[in-house]
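S.K.: Hints given; two lone chains; assemble the complex.
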Amino acid sequence: MSDDDHVYLSLAEAEGHPGGEARWAFGTGFEDPLHGVDTAVPAGIDAAELAGCCLALGDDALVSAQRLAEWCTRAPELEEEMALANIGLDLLGQARLLYARAGQADGTGRDEDAYAYFRDADDFRSVRLAELPNGDFAFSTVRLLVLSCWRLAHFDRLAASADPVLAAIAAKGVKELTYHRQFAAEWAVRLGDGTEESHHRMRAALDRVAPYLDELFAARPGFGVDPAAIRDEVTAVLRQVLDAAGLPLPEAAALPGHGRAGDHTEYLAPLLAELQSVARAHPGATW
Amino acid sequence: MTARPATGPTGLAGLADLADLADLRDARRARQIAEQVPDPELPMLTLADLGVLRGVEIGPDGTVVASLTPTYSGCPAMAEMRADVAARLRGAGFARVEIRTVLDPPWTTDWITPAGRRTLAEHGIAPPHPAPRRATGPIPLELTATRRSVACPRCGSAETEETSRFASTSCKALWRCRGCLEPFEYVKEI
Chain F
1 MSDDDHVYLS LAEAEGHPGG EARWAFGTGF EDPLHGVDTA VPAGIDAAEL AGCCLALGDD
61 ALVSAQRLAE WCTRAPELEE EMALANIGLD LLGQARLLYA RAGQADGTGR DEDAYAYFRD
121 ADDFRSVRLA ELPNGDFAFS TVRLLVLSCW RLAHFDRLAA SADPVLAAIA AKGVKELTYH
181 RQFAAEWAVR LGDGTEESHH RMRAALDRVA PYLDELFAAR PGFGVDPAAI RDEVTAVLRQ
241 VLDAAGLPLP EAAALPGHGR AGDHTEYLAP LLAELQSVAR AHPGATW
Chain B
1 MTARPATGPT GLAGLADLAD LADLRDARRA RQIAEQVPDP ELPMLTLADL GVLRGVEIGP
61 DGTVVASLTP TYSGCPAMAE MRADVAARLR GAGFARVEIR TVLDPPWTTD WITPAGRRTL
121 AEHGIAPPHP APRRATGPIP LELTATRRSV ACPRCGSAET EETSRFASTS CKALWRCRGC
181 LEPFEYVKEI
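Protein sequences appear in the order of chains F and B.
For the first sequence, my numbering assigns the number 1 to the initial residue and increments by one for each residue that follows.
For the second sequence, my numbering assigns the number 1 to the initial residue and increments by one for each residue that follows.
Bound-form chain B, shown alone (with noise of 0.2 Å):
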């Protein structure tokens, strides 16, 4: 259900807080289902988790707004989580659904919820450090940065070492325990 009820004249001002209820209840509802749409490529997450989900609103006329941001410039996974947060709405009875891009501020790993960090570490993924902080002026260059250690999420060792920091999606980085020898992979912090 999405169409706000005519609330009548306004001798009936008691059935149009009626109506604003039952338009708060259809907002949580909608927010609770799109916040419950697993991301594609980490799917023990959520898009809540990850902190893609900006935001669930029903606008005057009824329609669902949800706002999505990217995690990376070219995450092909933006079109699937489009269309499926608009696909639940829609089964969950919502006639109107939009989707809207927020691109700013642009997403930060910092935006993972804890759940979402326990999750990952639970199923093997390890979870980013805080992301880094900037000064002002031109982003400076650590050629001899010493690497934060990375616990691995099997056997909990800090024995480990980065395999690339690239893996086989734009979030990711390969790691491998020096401790249980087991390859894993982690979030960076971006």
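Bound-form chain F, shown alone (with noise of 0.2 Å):
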């Protein structure tokens, strides 16, 4: 087999690692995930706004996918491990190309290692729920079918964004969170309807998640969607579902403070200190 055939060695070879030194870590810059996207923010868009929009779009997506990945080798079956990993994986694709975006428009030129390694949990603008832990499936599965639904909601709109990098990402983003929404709605519906203690541990997983909904639609001034607009939309999905599942959508108080603006649970700095400990320990290091 010659050198071409393989694209492994292809790889080693390619642009700016010759020598077959090949970069496959993080912190080196071995793949934009944009390179090549005309990357000009176009006139009349606030590039600190969009910015902002992009990181906090990008952070739900990391720590969703971080929380998806801690299944593995955990999940009831093996059929459900991989649904978890490759739902994770799609937002951890997401999550590269909104970092991507954001770097460009804040003018620090920072890549996706930058914004995921590097940054303190108090630096981080997901929300509340992406980062509360796994609990049991049915709380996961309830995690995920609200996340999904929301998510679905705001990138459907941001596919008509005046950025037209961020309006690519979404449409993008729009057939994947598609199916996500599917499978958490369908564990949903066989969970709420399913055994005494399922129903149980569905209700209870949704008493969890109540508190920490109000947070995901409060309106916030910036670029994008304002989430108060799609309150409606995805309460009537939810509604859907959980009349299919025979389950209330709880109400509850909302936890004071926002993700978005940095305010996290206990949670999310173990979290990232998991996800950023090796890039920290041993920064620039390629294998």
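Treat each hint with caution, since some may be false.
What follows is a set of in silico ranges between Cβ atoms, one per label pair, in the way DEER data are often shown [unchecked claim]: (1) F:Ala-253 x B:Ser-157: 49 to 59 Å; (2) F:Gly-222 x B:Gly-62: 41 to 51 Å; (3) F:Arg-239 x B:Glu-162: 47 to 57 Å; (4) F:Arg-190 x B:Ala-158: 50 to 60 Å; (5) F:His-35 x B:Gly-91: 15 to 25 Å; (6) F:Gly-194 x B:Glu-159: 20 to 30 Å.
Hints in this document: simulated from the structure, not taken from any laboratory.
Glycine included, C-beta positions come from ideal geometry on N, C-alpha and C.
M.R.: Right, dumping it as structure tokens:
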């Protein structure tokens, strides 16, 4: 087999990495997921606000992807483990694209690794629901249902964004989020309408999620979609699923604070510590 | 070869035409090379079969510009695809190669060519149905959607069932044939 026949050898010879110095790890600048995309920010857009929007949505995706990845080797069935890992992978891909766009828009030129590995919990702008521990499969199902319904409605509108790069990232994400939502919704019905035990656990999961719902829809100024504007749409889909599952949509007093403002639970810092440990212990390492 | 030959003074307009012809030939050759690059995850398919290669052009300075679009946001094969296309073009003598990412419009399985679909089936992977068309307004959630039947790529039986909507790669689902009892993969429409 010639070198050219093997993609990994070709990769090792890729531009900027002569001599077979393959770079696979964080911190290597190996691949910009927006490589070759026209990165100009159109006139009339507040670049800082665009960056803030991309960062928030990227952080939601990264934190969610990390929680989903934690199910690897722990899911009730192999098929569900693959499903959760696949969903996490989609979200990780969305995070990478959004971080790349944030770095272009905020003028710092930071790459995805700078955002993912070298910011502390206070700097993350993700919603708090994403960072809560996985709990049991019911809780993870309810959370995935809520977050995928919410993110899908969000991205669907962002597909018409004035920023063409963000619009393209969102349009791509819509397809993925549609089947994330489908997966979560089917499990929600199966568990809610299942055994006494599964129904009970779904109720408990909904009670746990309820105080974090208002945060998702709190009106916030800035670029992108006003979350308050998608509340009815998201709630309608949640009701559709919960009705089919025989579950109530619980109401609870909202928690004070907002993840988008850097207010987080005590669970985010340990999540990030694990996610960032190798990158911080060995800055710029390659293998 | 990539550099456009000097076309000389205006009196040699015929030579300029010849140079244009050479450019066209180069562009066609570059396109053919890029089209034949196999997909890293589905190596029986070329990037052209998969609909991932969105264009190959030669710029005025002789740079070959190949445009690729990712299948899924998190597709880990994008780096390999880019590197492979660039390496093959360089190997074919194109000194200046640029790979561009195109995100819009987003990739759809509808772009898998008829030849690509036949190749998938020949390799035991069921090709995708047409991607769902969406109306305007919120994307509906169908909880009682009847699943499309996917014919077994081995025995052709329609008696098949989904084992998992997620499989070894983002783009595939896992199915099982109740006729021949073989498991098989299905490229899910997106």
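S.K.: Confirm or reject each hint.
M.R.: Each hint, compared with the structure:
For Ala-253 of chain F paired with Ser-157 of chain B, a C-beta distance near 56 Å keeps the hint of 49 to 59 Å intact. Gly-222 of chain F and Gly-62 of chain B have their C-beta atoms about 44 Å apart, which keeps the hinted 41 to 51 Å range intact. The hint said 47 to 57 Å for the Cβ distance between Arg-239 of chain F and Glu-162 of chain B, and at roughly 27 Å that hint is violated. A hinted range of 50 to 60 Å for the beta carbons of Arg-190 of chain F and Ala-158 of chain B is inconsistent with their spacing of about 25 Å.
The beta-carbon spacing between His-35 of chain F and Gly-91 of chain B, approximately 20 Å, falls within the hinted interval of 15 to 25 Å. Here the CB-CB span from Gly-194 of chain F to Glu-159 of chain B is close to 27 Å, well matched to the stated 20 to 30 Å.
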